[in-house]
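J.: Okay, here's what each chain looks like letter by letter:
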Amino acid sequence: MAAEIPRLRRYARALTGDDGEADDLIQDTLERALARLGQWRDGDSPRKWLFSILHNLHVDGLRRKSRRPPHVGLDSVGADQSAPAADGASGRDLDRALQLLPSEQREVVLLVGLEGLSYAEAAEVLAIPIGTVMSRLARGRGRLRALMGYEGGYEGGGKSGQASLRRVK
Amino acid sequence: MTPERHISEAELHAYVDGELAAEDRAEVEALLAANPAEALLVRDIRDLHEALARRYASPLAAPVPERMQQVLARMPVHGGGEHSSSKRRWMAVAAAALIAAMAGAAGYVVRDLTAGARRPEMAFIASAIGAHSVYVPEARHPVEVGAAEETHLVQWLTKRLGTNVRAPTLLSLGWKLVGGRLLPDRGLPAAQFMYEDGAGRRLTLYVRKEAGFNDTAFQFAERDGFAAFYWVDRPLAYAIAGRLGRDELLALANAVYGQLEQH
Numbered sequence: 753m754a755a756e757i758p759r760l761r762r763y764a765r766a767l768t769g770d771d772g773e774a775d776d777l778i779q780d781t782l783e784r785a786l787a788r789l790g791q792w793r794d795g796d797s798p799r800k801w802l803f804s805i806l807h808n809l810h811v812d813g814l815r816r817k818s819r820r821p822p823h824v825g826l827d828s829v830g831a832d833q834s835a836p837a838a839d840g841a842s843g844r845d846l847d848r849a850l851q852l853l854p855s856e857q858r859e860v861v862l863l864v865g866l867e868g869l870s871y872a873e874a875a876e877v878l879a880i881p882i883g884t885v886m887s888r889l890a891r892g893r894g895r896l897r898a899l900m901g902y903e904g905g906y907e908g909g910g911k912s913g914q915a916s917l918r919r920v921k
Numbered sequence: 038m039t040p041e042r043h044i045s046e047a048e049l050h051a052y053v054d055g056e057l058a059a060e061d062r063a064e065v066e067a068l069l070a071a072n073p074a075e076a077l078l079v080r081d082i083r084d085l086h087e088a089l090a091r092r093y094a095s096p097l098a099a100p101v102p103e104r105m106q107q108v109l110a111r112m113p114v115h116g117g118g119e120h121s122s123s124k125r126r127w128m129a130v131a132a133a134a135l136i137a138a139m140a141g142a143a144g145y146v147v148r149d150l151t152a153g154a155r156r157p158e159m160a161f162i163a164s165a166i167g168a169h170s171v172y173v174p175e176a177r178h179p180v181e182v183g184a185a186e187e188t189h190l191v192q193w194l195t196k197r198l199g200t201n202v203r204a205p206t207l208l209s210l211g212w213k214l215v216g217g218r219l220l221p222d223r224g225l226p227a228a229q230f231m232y233e234d235g236a237g238r239r240l241t242l243y244v245r246k247e248a249g250f251n252d253t254a255f256q257f258a259e260r261d262g263f264a265a266f267y268w269v270d271r272p273l274a275y276a277i278a279g280r281l282g283r284d285e286l287l288a289l290a291n292a293v294y295g296q297l298e299q300h
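Chains as they are written, first to last, in our numbering: chain E, 753 to 921; chain V, 38 to 300.
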């Protein structure tokens with residue numbers, strides 16, 4: 753399981769947009785994994801198991817947060833943390849854009865696009881059908897693409913793909 | 038006239054994520070050539086993935102915080118009785134060492150890499166050689182799962198890579214399987230199989246889902262005394278690496294390709 757920690761931390765950082773919050777989440781994930789080790793069957797992928805624990809804790813955390821300040825929607829949780837300035841302005845743009853996604857889209861975009869999980873694995877981790885993984889992925893990527901000022905600002909709908917091809921970069 | 042087949046948005050995403058069957062993949066590729074807007078989406082998604090991998094790379098090389106290690110130390114033994122806590126700690130160290138080594142390995146192809154992110158195959162070869170150079174010198178822990186558990190190893194890696202992975206048999210050429218392991222490679226799971234010959238020489242086969250690679254023919258690369266052959270057999274990319282002569286390695290690459298191709 754030790755081998756999984758670097759990737760869990762990476763995912764949690766991208767997910768929360770905050771290093772401290774991310775590491776707290778991983779700490780809680782490991783504690784819960786230890787407490788529930790009996791549920792882990794030999795041969796199961798420790799990664800998938802740990803990611804699903806992390807997911808559950810993250811959702812619990814969001815629920816608690818959204819209860820306290822009734823105004824803060826899921827979308828803006830953690831939005832304006834000053835991010836680690838690893839690669840400058842464009843990196844912070846990415847942090848911000850990610851935080852502007854609804855949490856459930858952000859999770860899918862990161863599990864598939866950053867952690868390389870298959871659709872089936874992401875579905876299992878998040879306990880949702882594969883079709884839902886796919887639709888969240890398309891919506892999340894479309895929105896990120898618009899937020900990041902990528903080429904078309906493509907917002908869903910392969911059908912209208914021709915729409916607005918402005919080159920921003 | 039039949040109306041032109043349209044690529045659905047879901048298909049485009051599935052294409053980028055390596056979730057399409059080979060024939061659908063080929064079909065999408067052909068259609069992309071004639072549909073610039075769709076091709077743009079595909080490129081943007083790939084750009085986005087690269088941006089994510091760059092932005093959030095730092096935890097991969099960072100040491101595991103003490104408080105996390107303390108929880109790990111309390112985890113009981115699992116996975117075949119061999120996982121002592123010192124082994125788990127060793128695995129964390131090995132992961133960090135691997136990242137560092139891969140960064141180093143990537144260094145000597147850096148000119149190729151900066152020549153264009155469009156050449157992901159260069160990064161793939163660098164990862165394969167990097168992983169080779171890290172694990173091959175290991176006397177006690179060269180692999181994560183040994184050849185004695187070959188069935189489990191192959192099932193596990195197949196599950197993790199999300200597609201059929203097999204460990205070819207190279208006994209007829211004098212190489213026996215040592216075992217294998219799972220590795221992270223730019224956000225994707227990769228597999229490494231290790232083989233050893235009677236003289237104690239080792240070679241590794243590195244396997245990962247290809248991600249927009251172009252070449253499907255054998256390509257030869259030689260870096261720092263390591264030789265490697267690389268090829269794509271969708272949905273997977275392969276690299277076989279060792280401190281061997283080109284001809285010997287080519288014979289092995291052919292044997293591997295021949296076995297895996299049949300299925």
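Among these hints, one or two may not hold up.
[Unchecked claim] To give an idea of the chain E side of the interface with chain V (calculated C-beta under 10 angstroms), a few residues:
no., residue
1, 782
2, 797
3, 847
4, 900
Derived from the structure by calculation, the hints contain no laboratory data. Ideal Cβ positions, reconstructed from N, Cα and C, are used throughout, including at glycine.
J.: Run every hint past the structure and note whether it holds.
T.: To see whether the hints hold, each was checked on the structure:
| no. | hint | verdict |
| --- | --- | --- |
| 1 | 782 | holds, 4 angstroms |
| 2 | 797 | holds, 6 angstroms |
| 3 | 847 | holds, 7 angstroms |
| 4 | 900 | holds, 7 angstroms |
When each numbered hint is compared with the structure, no violation occurs for any of them.
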